[in-house]
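Sequences and hints are given; from them, build the entire structure.
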Amino acid sequence: MKLPKIRELLEAIKSLLTKPYTSKFPYVPHEPYPSFRGQPKFNPDKCVGCLACEQVCPAEAISHRDIVDDGIPRRIMIHYTDTCIFCGSCEANCIADNEGIKLTKEWELSFFDRSQAYETIEKELQLCEICGVVIACKDHLKWIAEKIGELSFSSPTLYQSYLKGLNIIDENILKAYKDKGRSDRIKILCARCRRETTLTTK
Amino acid sequence: MALSRVPIGPYHPLQEEPEYFNLITDGEKVLDIEVNVGYNHRGIEKLSERKSFDQATFVIERICGICSTSHPFAYTRAVEDVFPVEVPERAKYIRTVIAEGERIHSHLLWLGLAGHFLGYNTLYMWVWKLREEILDVMEILSGNRNNYAMFKPGGIRRDINPDDIPLVLKKIDSIVPTLDRLRKAIIDDPVLHKRLKGIGILTKEDALDYCAVGPTARASGVEKDVRKDDPYGAYDRVDWDMIVTYKGDVFEKVVVRVLEMYESIKIIKQCLKNLPPGEIDLKLKDIPPGEGIGTHEAPRGETFHYVRSDGTNRPARHKVRAPTYMNLPTCEATVIGESIADATIILASIDPCYCCTERLTVFSPEGNKLYNGNDLIKLSQQKTDKIKKEMGLK
Amino acid sequence: MPDRNEILNELKNRYKDEIVSFYDKSPRRVYIEIKSESIVNIASYIFKELKARFNVASAVDARSHIEILYHFTLEYLDLLISLRVKLDRENPTIKSLTSVFKGSNWIEREMYELMGINFEGHPNLKRLLLSDKWPEGVYPLRCDYKEWDNNAIRDRGV
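Residue numbers (numbering that gives the first Met the number 0), protein chains in the order written: chain Z, 0 to 201; chain C, 0 to 393; chain H, 0 to 157.
The hints are simulated quantities; they were obtained by calculation from the structure and are not laboratory data. Owing to the predicted nature of the structure, the values given are computational and were not obtained by experimental measurement. Hints are supplied without guarantee of correctness; some may be wrong.
Stated by the list, open to error - Here are some chain Z residues pointing at chain C (derived, C-beta under 7 Å):
{"no.": "1", "residue": "SER34"}
{"no.": "2", "residue": "PHE35"}
{"no.": "3", "residue": "ARG36"}
{"no.": "4", "residue": "PRO57"}
{"no.": "5", "residue": "CYS83"}
{"no.": "6", "residue": "CYS86"}
Stated by the list, open to error - Computed list of chain H residues with no C-beta within reach of chain C, every gap over 12 Å:
{"no.": "7", "residue": "ILE6"}
{"no.": "8", "residue": "ARG13"}
{"no.": "9", "residue": "ILE18"}
{"no.": "10", "residue": "VAL39"}
{"no.": "11", "residue": "LEU124"}
Idealized CB from N, CA, C, for every residue including glycine.
Below you can see the structure in the form of structure tokens.
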């Protein structure tokens, strides 16, 4: 069978003259396609600290810690790189227009010490002014007030957070703070304290 | 008559995954075969009872790395069958494109491995270089080369950008000339004819009795394919043929898989050219109580999922059946009577995927301690410390 | 071409004493509940006369009893028939189907070790997937399964 041999010979000569298929990584960097799913990163300006990504993550790779006794009350969001499966559920379910946590294109993530493989950001927390329990992050309350528009003026917690965020607090409200009467009605409160101050006259 | 025992496995250079076969031989002829499975069991069915319906898709995707689309596809069809409800048209077309892209890459992988088992390492290297083009296509469409995370009950998660479609079509057209050359080389080669024709014959009666599925059964004349019998996705809207041959030996199984790749390329091109506009997700909120069954034609056969829900947001029972589960017992009918030298290629010709079949148990060398995942992590941490000390980094 | 309704009516009339309920859910799915003594007769009728293909059998632990579902596919009608059998939770036993077709060998071994169902007449009823060190009488897929291994660590491992 002569013809297959000539076909193979031509093939061999062609392969000698073409350049190799492999790239010269790591001397030449590798740029993945635009839709590649790499390492997720939090965005401190857009994230509101609502914990939706933590509930949705299938691998339980996001968690949080609330610190209330030490300095300014804050919530630390932690993302564990070694458990993450890069699925994109956190980005798809983020309530802040899918911008609070985004998947970048980084893929060179190896490390030697497994206990250091996490990233954190901090968000300020809002505490109840009577009993001191955690309500939510300040940015989250502002987000809710903006989303429901004029209806937020029905709840002192919501409109106070909104107005404080805009730095416009009325003189009347500040005078009412010093009033010895029902000033509890216009403080930022958790749900239980709000129910007690509305229904009772303590 | 002196009988001897030849074990293949659990770790063997000609088997890709751990499995234990015991051949009882007389000289060179095989008289009996025993199969011992269970080296890859991970308890997937119990795990998916602790996750919600949406999160369970990610656990199911990781049953197998090669057939990573076939299990979520069958699972989402099963959950949609509880109502039953139909997904939007655009989602059906995109699901079909991803499933067929996976079929091409899986058949190319198997072709390379078959070449490696026979001793043709050049074929192995060539075919896996061709496979890189398909993996690039999957990365453009879904973001990752292997676990695509595109499926969700009620539709798909991410849309395809229309600017990417010309690049995808160009890449797919570029593999056709090399595929033609490989097909001619395989079908005309006299050494392959002598090695593969006439061995490991599975007759049509045996294939029906053991209930075999996929290319293993289609090479024996059984004309069954889920994509034609129970149409779903976009398979009834595009034009393609089912490949069936009638002799049932190992050579016919190779031919069926090579010809199926051409049909997949035809389907992908037609789907991408006629992609309808519209929604991609139904946004299902609550699954009512009931039961559902979903099937899909994976590259190895028919995958079957059964889901029962009791009204909460977690599945109450989830049953997974991979195609290799039904194909593996046919080795009793095909290996007995052949010589030992042919046994490995016959066992590899059913395209076994053992991690799909079972759903890891690791023993320590003394054989008395059962390791689980966290023990293995501690062992690998100790080894990393040792390496760091040797490199002088600490 | 045989008609779907003809075949289903013929099945209903032939075994009308043994069928407990018949649920026609959609054009492609039918669920039939039968008594556990007559599984071999009905399964061999569906496999041999109607030329169906056996898919798989799944065992479910409902709280008050154990159910087994046998799924058969009829490709020429685009139909999937599921036979449901209810068994007693204390001592579940049923006849094996290996005498009818060989495809049920492995799935019955798996149901025996993971759910604890005893199959009478099976040629080789031993463990398929679990290791030999697993204790007797502990069935993982039942709803009252408790973790038995005290040495296993169950946190993130860091």
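The hints, checked one at a time:
no. : hint   : result
1   : SER34  : holds (5 Å)
2   : PHE35  : holds (6 Å)
3   : ARG36  : holds (4 Å)
4   : PRO57  : holds (4 Å)
5   : CYS83  : violated (11 Å)
6   : CYS86  : holds (5 Å)
7   : ILE6   : holds (16 Å)
8   : ARG13  : holds (23 Å)
9   : ILE18  : holds (18 Å)
10  : VAL39  : holds (16 Å)
11  : LEU124 : holds (15 Å)
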